[in-house]
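Protein chains: 2
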Amino acid sequence: MTLRLSLANPAQNEELPRVQPWRGLIHGYRRYLPVTDQTPVITLHEGNTPLIPVPAIAREIGRQVQVFVKYDGLNPTGSFKDRGMTMAISKAKEAGAEAVICASTGNTSAAAAAYARRGGMRAFVLIPDGYVALGKLAQALLYGAEVLAIKGNFDRALEIVREMSQNYPVTLVNSVNPYRLEGQKTAAFEVVDVLGDAPDWLCIPVGNAGNISAYWMGFNQYHQEGRSSKLPKMMGFQAAGSAPLVTGEPFKHPETLATAIRIGNPANWHKAIAVRDASQSSFNAVTDEEILHAYRMLASQEGIFCEPASAASVAGLLKVKDQVPEGATVVCVLTGNGLKDPDSAIKFSENNFKQGIEPGLEEVAKAMGF
Amino acid sequence: MTLRLSLANPAQNEELPRVQPWRGLIHGYRRYLPVTDQTPVITLHEGNTPLIPVPAIAREIGRQVQVFVKYDGLNPTGSFKDRGMTMAISKAKEAGAEAVICASTGNTSAAAAAYARRGGMRAFVLIPDGYVALGKLAQALLYGAEVLAIKGNFDRALEIVREMSQNYPVTLVNSVNPYRLEGQKTAAFEVVDVLGDAPDWLCIPVGNAGNISAYWMGFNQYHQEGRSSKLPKMMGFQAAGSAPLVTGEPFKHPETLATAIRIGNPANWHKAIAVRDASQSSFNAVTDEEILHAYRMLASQEGIFCEPASAASVAGLLKVKDQVPEGATVVCVLTGNGLKDPDSAIKFSENNFKQGIEPGLEEVAKAMGF
Chain A
1 MTLRLSLANP AQNEELPRVQ PWRGLIHGYR RYLPVTDQTP VITLHEGNTP LIPVPAIARE
61 IGRQVQVFVK YDGLNPTGSF KDRGMTMAIS KAKEAGAEAV ICASTGNTSA AAAAYARRGG
121 MRAFVLIPDG YVALGKLAQA LLYGAEVLAI KGNFDRALEI VREMSQNYPV TLVNSVNPYR
181 LEGQKTAAFE VVDVLGDAPD WLCIPVGNAG NISAYWMGFN QYHQEGRSSK LPKMMGFQAA
241 GSAPLVTGEP FKHPETLATA IRIGNPANWH KAIAVRDASQ SSFNAVTDEE ILHAYRMLAS
301 QEGIFCEPAS AASVAGLLKV KDQVPEGATV VCVLTGNGLK DPDSAIKFSE NNFKQGIEPG
361 LEEVAKAMGF
Chain B
1 MTLRLSLANP AQNEELPRVQ PWRGLIHGYR RYLPVTDQTP VITLHEGNTP LIPVPAIARE
61 IGRQVQVFVK YDGLNPTGSF KDRGMTMAIS KAKEAGAEAV ICASTGNTSA AAAAYARRGG
121 MRAFVLIPDG YVALGKLAQA LLYGAEVLAI KGNFDRALEI VREMSQNYPV TLVNSVNPYR
181 LEGQKTAAFE VVDVLGDAPD WLCIPVGNAG NISAYWMGFN QYHQEGRSSK LPKMMGFQAA
241 GSAPLVTGEP FKHPETLATA IRIGNPANWH KAIAVRDASQ SSFNAVTDEE ILHAYRMLAS
301 QEGIFCEPAS AASVAGLLKV KDQVPEGATV VCVLTGNGLK DPDSAIKFSE NNFKQGIEPG
361 LEEVAKAMGF
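Residue numbers (UniProt numbering), protein chains in the order written: chain A, 1 to 370; chain B, 1 to 370.
Since the hints were made in silico from the structure, they are not lab data.
Hints are supplied without guarantee of correctness; some may be wrong.
If chains are identical, the list can't say which one is meant, so a pair holds when it fits in one copy or spans any two.
[As the list claims (entries may be wrong)] Okay, derived cross-link-like pairs now, BS3-like style, lysine-lysine, Cα gap no bigger than 30 Å in a straight line:
id	residue 1	residue 2
1	Lys151	Lys354
2	Lys252	Lys271
3	Lys233	Lys271
4	Lys354	Lys252
5	Lys151	Lys366
6	Lys366	Lys136
7	Lys347	Lys366
8	Lys347	Lys136
9	Lys230	Lys319
10	Lys233	Lys347
Whole structure, please, built from the sequences with the hints as guidance.
Structure, rendered in C-alpha cells:
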C-alpha cells in the first residue's frame, strides 16, 4: 500500500483531480456495521449519493440559512431502500438463505429483487390481489422478482410473509428486518462526511418512521466517536391525510398522493417519538398541495426530480421556515427518484406544451415570446 | 487548509472511513475542461457514477476476463447527457444566454431543461407535432421545459433550432454544441481513476456517435498525461436495424426498440470511423433480440436496470466474446436509467406474476414451490 500526502479535500487539489473509488456502503463504513470478514458483500455500489445545494429554496427562507438535499433517489434502484437492502441481503446470504420474501408494492420490492437476484437468491413479493397496477411492479418484475397476489388485504400479506419466514428457508426483508436500519444509518454518516459536521436541522418525510430512526442512529454513532460536534434537530414531516405521529392517533384510512408515506399506523411509532424528544424537535403535517408545490419547485427551479413523498421534507421546511435559526445548515432528505412515478410528473407538471405551430422561424420565435 | 496523511485508497483505510465530497465534474476535472474562474458552474453534482462488476456476464466469457459496467444512468436526470449538459449550460450562462433550445424527444430534453432551469434560464424543446407521447416528455415538462410541437418532421425541427440560435438570444444545446463532448469525456477519466489504468476494451452503444468520440478524447487526454499506460480498443455496437457505421451506408428508415440509438445518419460519422481505426477496433451490429437478452440478464442476474439501448454494449460484448483476450479488463457503458422507459420493463420482463392465491400459509408455500 502506498502512502501519499493529500489535501483534506482531494477535489480541491488542482494537481491531481480524480474520483475516489466507491464500492458501496458496507465496504465504505464497514467498521460501523454488523458485518465480519465472513459476510459476503452483495452490493450495487449504493450510497455516496449527492448532497446538493438548493439555493432557490434557501432564498425563500433567507437569513443566511444554507439548504442542501440528500438525493437518495440516485441509489442503484432509485431509492434509499438500497442502503438497507445491501445489509439485509448480505446477511441473508451469510446465513445461507436461498430466497427472500417481502410484502410490498413499491420501492422495497424493487430493492429486494435487485439485491437478492444479484446474490443468486430468489425474491418473492406478496401483494393483495387487484391492489396494484402492473406499472408499479415493472421494475421488480424485470429484476426477476416472483410476485404472488393473494386474495386478502395488505395486512394479511404481511402476516403471511412473517409466517413463511418462520416456517420455510426464506428470509424476511420487510422493514422488521433489523439489518435494514443499520444500512440506512449510513446516509447520516455521508451527510456529516460531506458537510464536515452534522447539520443543524434534518428534514425528513415520515411514513413507517424507519428512516428517521436510522438517521438518528447514524448521527449519534458519529457524534459519540467525535466525528461531529453536535446532533441535528430531527424535523419529521407527514402528509396531512396520513399524520398519526402528528395527531397522536392511528389513521384508519390514510389518504395522500405521497403514496410512499401513506401509512396510518407506523411500525416504528415509539422509536420516532423517542427521536423527536431526544432531538428536541417537532413533527408537523404538510398538505398534498404543499407537497406538490415543493415537488414542482425542486424540479423547475433546482433541477431535481424526486418522488412526491420525498418533497414532503422540503414542503415541511418551507412551512416552518420562520423557526429555522439564522445561519443554520439544513439538510432535506429526498428518498426516491422522480422517475419511479412518471404518472405524477405528467399529472402535476405545468404542461407547458404548445402544439400545431407552423414550421417557420418567425412563427416559432413568436411562440417563444420573442 | 489542513493537511493529513492518507492512504492512496481512503476507502481501504479502516481507521477513517468517509465518503469524499463530490461537487460535479467541472469542479472535479476543472483542469481538463474549457472553463475559467469566470465560468458560473451550473451543476447537479453529475458524474462520479458507479463502475460495477458484473460477474454473471464475466462468467459467460470465462478465461479470467473481468467485466464492469459504467452505470451512467445514475446521473441526476438519469442519463449520460448530464455530463455534457453541465458544460453546455455553464458556458451558455457565461455567455449571457437567457434561454437554451434543443430538438429532442428524449434524454437530451430532460437534461437541458434541468440544467437550464437550475441556471435560471428558459428551456425550449422543439418536437414534431404528434410525434411523441406525453409520457416521454413528462420529465422535461416537470423540470419546466417549454415544449413546442411544429407541423413538420424532426429534421425541420433541427433546422429551426439552429436558425433560432443564430437569430435570437438563445443557445443551441443539441449535440452540435461543442461543450457537450468536453463534458462527456470525463466518463473516461472516471473509469481510469477507478481502475487505476485504462481498460483493454470499452464497449459502447453507438447512435449519433458523440459518446464514443467523447470517451476517446478522454482516454487520449489521460494517456498523454501519463495517467494510463494504454488506450482501450473502442468497441462500438449498433442495433442491426440502425447500423450505418457497420454497413457503411445511412439507414433511411432505422428501426430498433433501442430508441436512444435509432439514428440512420450519425452526426459524428467521420469522428467515429477515426476512433475505430485509431483504436484498431471494429464496430458490430446486435439484433433487438440480443439487446433484450442482455437487458433482461443485467436486471435479473446483476441487479442493474438500464435503458434497452444501453444494453447494446453488453449484448455486443457477449456476441464477440471469443475475441476478448484472456484476462482482459472490459468496461461496458450503460448510458441511461431503466426507469426512463417503464413501458419496456413491463413489455419485456418475464412477468413472473401469479394471481388469485388463497391467503393461507400452505397455499402460498405451494405457489412458491415449497
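Intra/inter-copy verdict for Lys354 and Lys252 if alpha-carbon distance must be at most 30 Å: Between copies, since 29 Å is at most 30 Å while 43 Å is not.
Same-copy or cross-copy closeness of Lys233 to Lys271 [CA-CA at most 30 Å]: Intra 15 Å, inter 55 Å, cutoff 30 Å: intra-copy only.
Same-copy or cross-copy closeness of Lys252 to Lys271 [CA-CA at most 30 Å]: within (21 Å within a copy, 63 Å between copies)
Lys233 and Lys347: within-copy, between-copy, both or neither at 30 Å Cα: neither (34 Å within a copy, 46 Å between copies)
Intra- versus inter-subunit Cα pairing at 30 Å for Lys347 with Lys136: both (16 Å within a copy, 13 Å between copies)
Homo-oligomer pair classification [Lys366, Lys151; C-alpha up to 30 Å]: Only across copies: Lys151 and Lys366 sit 15 Å apart there, 57 Å inside one copy, limit 30 Å.
Homo-oligomer pair classification [Lys136, Lys366; C-alpha up to 30 Å]: between (41 Å within a copy, 25 Å between copies)
Within, between, both or neither: Lys347, Lys366 at alpha-carbon 30 Å: Classified as within; 27 Å inside a copy, 41 Å across copies.
Same-copy or cross-copy closeness of Lys230 to Lys319 [CA-CA at most 30 Å]: within (24 Å within a copy, 56 Å between copies)
Up to 30 Å CA-CA - Lys354 versus Lys151, copy category: Classified as between; 11 Å across copies, 46 Å inside a copy.
In terms of the numbered hints stated before, the structure departs from hint 10 and from no other.
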